[in-house]
Amino acid sequence: MSDELGTGFAEQTLQYLPRLRRYARALTGDAAAADDLVQDTLERALNKQALWREGSDLRAWLFTVMHNVFVNQIRSAAATRTVPVDDALLDSPAVTSTDRLELRDLDRALQCLPEEQREVVLLVGLEELTYEQAAAVLEIPAGTVMSRLSRGRERLRRILSGGGGSSPVLKVIK
Amino acid sequence: MVDSVVTDADLQAYVDGLLPVERALAVEAHLAQHAEDARRVSEYRSQRQTLHGAFDHLLAEPVPAYLIRTVCRRPTVVRHRWALAAGLMAVSVLTGWMMRAYVGFSPVPAVAVLPRAAAVAHVVYSPEIRHPVEVEAREEEHLVRWLSKRLGVGLRIPKLQAQGYSLVGGRLLPGEKGPAAQFMYQDAKGQRLTLYVRVGGDDGGETAFRFAEEQKVRVFYWVDGRTGYALSGQIERAALLRVADAVYRELNR
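If you read the sequences in order, they're chains A and B. For the first sequence, counting from 1, position 99 maps to 99 in this note's numbering; every step adds exactly one. For the second sequence, counting from 1, position 228 maps to 228 in this note's numbering; every step adds exactly one.
Accuracy of the hints is not assured; some may be wrong.
[Said to hold, decoys possible] To be clear about the criterion: a stretch of chain A counts as covered by chain B if any three or more of its residues have a C-beta under 8 Å from a C-beta of chain B, and this derived list gives those stretches:
id, stretch
1, 14-28
2, 148-162
[Stated by the list, open to error] Examples of chain B residues toward chain A, derived with CB under 10 Å:
id, residue
3, L11
4, V15
5, Q47
6, D56
7, L59
8, V71
9, R145
[Claimed, not checked] Cβ-to-Cβ under 7 Å is the rule here; a few derived chain A residues that face chain B:
id, residue
10, A10
11, V38
12, Q39
13, L42
14, L103
15, L106
16, G125
17, L126
To be clear, the hints were calculated from the coordinates, so they are not data collected in a lab. Glycine is no exception: its CB is placed at the ideal position from the N, C-alpha and C atoms.
Put together the whole structure using the sequences plus the hints.
This is the structure we're talking about:
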């Protein structure tokens, strides 16, 4: 591997770090777990950077690496999963007390989705990937993306609206 | 709820703004006549806003330094580690050969490798000005979690303020049998000590404090169960022993 390729790879990867962190945070529901996931992803990506074809979409490739690391983590963690509360974020002054509950509710609601649905809902809804891009990242057919998206959104809607009650727990943050 | 013309996939793509104009118009006509679908679409849209509202702050937030270092310093680190690994192998072979002269053909106890590895790591990293550690002390919580995960044991970082040393940070290193950790401390004058920790040497059991001197580096080391510890520094033996004793007490608190 030439140094030039190494440098270009690192520079571009740095550029996507904030997005990887955002996705990881939403996916794991916990700031510390998210940054652990990002770090494991980076290490794996750097070890496997020879597999990335220069000129192809590095961002999508990094999301694929993160997806694989995430799935492996879930497999090995398996048993007890708690719903973490992100203290660091809750303590930050930008979040008002009314928003606190809402972020916690959103985290909890997302964690209630099966991982496969959560990934699609976030890749499309938060990371703004097209269906084709999401399909490539998750290495599944586009039709599967659509069905997971449809089920994931509907499930999230029901959880957030408290099962259709009159006072939605979460409407809009900020 | 969705007629034959407008499918659920259309509704999703409408929410995501991924429909061609004429298709989007067809969906709008459909929604005008199907209140339930219109409500769903509007709630799906607000889901997107909610997600952005909750998580977009991460795009503006500074990325933790250790993540940036993971990306930027990787090639250098890899070279260091390879050099170090090669050095260690040479050392092990040499030690083995020398030990044979003393004790016939019995295998080299791994415990003899421990102070060597620690001393080499100390020499390599303690003079570093800009990058003495991979993860800095202000990210101590992450440091402990990360290295504990890598070594497969619950690590603790001894507090040595009473001895005049504060934590600089730590890094992951290749050990004889797997990953090892190095924690770096320094005093007010910038004098550095390193604590090297590795798991699963062949030594087993426990040892008392032992002392070794490699070049100008002095090392106190001991083994506790499967975990070996070595404190290295270029200070007086008695002063180093006081700190080593403090480390031992902190770890066994």
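> Which of the numbered hints above does this structure break?
Replying inline: Nothing - there is no hint that the structure violates, so all of them hold.
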